[in-house]
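Here are the chains, one letter per residue:
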Amino acid sequence: MALVLVLTGVAVVATVVMIVRDVSPPGDPYFLLLGALVLALLAQVVVGIMALVATDADVDAPTFVAYLFTALLVVPVGAALALVERSRWGSVVLLVALLTVAAMQLRLDSLWSVAGA
Amino acid sequence: MPEHSSHLASGPGRVLVAVYGVLGIAATGRSAVQLLGEPGRAPLAYSLSLLAAVIYLVATASLLRSTPAARRVALGACTVEAVGVLVVGALTYAAPDLFPDKTVWSHFGQGYGFLPLVLPFLGLAWLRRTSPAVRG
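Chains as they are written, first to last, in my numbering: chain A, 1 to 117; chain B, 118 to 253.
Calculated from the structure, these hints are not laboratory results. Each hint should be verified, as a subset may be incorrect.
Unchecked claim - Listed next, the stretches of chain A that the computed footprint assigns to chain B, with coverage defined by at least 3 CB atoms under 8 Å from CB atoms of chain B:
hint, region
1, 48 to 59
2, 62 to 69
Said to hold, decoys possible - Some chain B residues judged to face chain A by a derived CB distance under 10 Å, without partners named:
hint, residue
3, 127
4, 131
5, 146
6, 147
7, 149
8, 150
9, 153
10, 157
11, 160
Note that beta-carbon positions come from the ideal geometry of N, C-alpha and C, so glycine has one too.
Using the sequences provided together with the hints, build the complete structure.
Encoded structure:
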């Protein structure tokens, strides 16, 4: 989903800026951005499962659903860790979480295209 | 939370825990799908995936607990991971027939951005740096 990738990209840039400038913990605008990303990921879970049910192609369903939920859950967990670790390292944790979301998006995309759906 | 220098899961350790957690989930997910799906297709590869998954989760938990006993467990887990990724990584090149399907450790962890190759050594380095007294 393009919206997820765009929001993830913006959040990655914001996180790298925080790491470089050593700003922590992140401010409210950052958490609004993460909130928007989580909503987009939630929408992606719903849309993804609906598309999975609708398609005739042989998509690896358990893996696909697992990736959908991993991408959704990794952001709140990363944010919680970042709030506990109020240092530059907390921002690095957020970066790890966001890169995981990006990796999940790529894997979801390849699962879908490998099946020819 | 009281901060002291020997706390494993603070500062850079927090990042280590996060990456280990992600890898643990990834490896557990893969081995579950493989073993529930077609256990007969590549028994060795799938058993190794499960072993790797368990070790990553053990390492994550030990890093979080950071008691002296957990430190020893983490040391063991990181060592097994380092040996595992090197041996399996080499075998997937030398004897690819042994591995009809991929494991986390195949080709030195290529499918996971080489994280499985880097992580155990980062883990060992972190354990060493935070070790209370003794070597320092």
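**Report entry** Hint status (Cβ of residue 150(B) to nearest Cβ of chain A, threshold 10 Å)
**Finding:** The hint holds - residue 150(B) has a Cβ within 10 Å of chain A, the shortest such distance being about 5 Å.
Query raised in the report: Per the CB criterion, is residue 127(B) less than 10 Å away from chain A?
Result: Result: holds, 7 Å to nearest chain A Cβ.
Query - Whether chain B covers the region 62 to 69 of chain A (at least 3 residues having a Cβ closer than 8 Å to its Cβ atoms) - result: holds (count 3)
Query raised in the report: Quick one, is the residue 147(B) hint okay against chain A at 10 Å, beta carbons?
Result: Cβ of residue 147(B) sits 8 Å from chain A, so the hint holds.
Report task. Report holds or violated for the interface hint on residue 153(B), using the least CB-CB distance to chain A and a cut-off of 10 Å. Result -> Holds, about 8 Å.
Requested in this report: Mind checking the CB of residue 149(B) against every CB in chain A and telling me if the closest is under 10 Å?
Outcome: holds (8 Å)
Query raised in the report: Can residue 146(B) be said to touch chain A, with a Cβ gap under 10 Å?
Result: holds (5 Å)
Report task. Classify the hint on residue 157(B) as holds or violated, based on whether any CB of chain A lies nearer than 10 Å to its CB. Result -> violated (18 Å)
Query - Hint validity - residue 160(B) Cβ closer than 10 Å to any chain A Cβ - result: Where the cut-off is 10 Å and the nearest Cβ of chain A is about 20 Å from residue 160(B), the hint is violated.
Query - Within 8 Å of chain B (C-beta), three or more residues of the region 48 to 59 of chain A - result: Contact hint for the region 48 to 59 of chain A vs chain B: violated, 0 residues under 8 Å.
Query raised in the report: Does residue 131(B) pass the interface check with chain A, least Cβ-Cβ distance below 10 Å?
Result: holds (4 Å)
Going through the hint list in order, the structure does not satisfy hints 1, 10 and 11.
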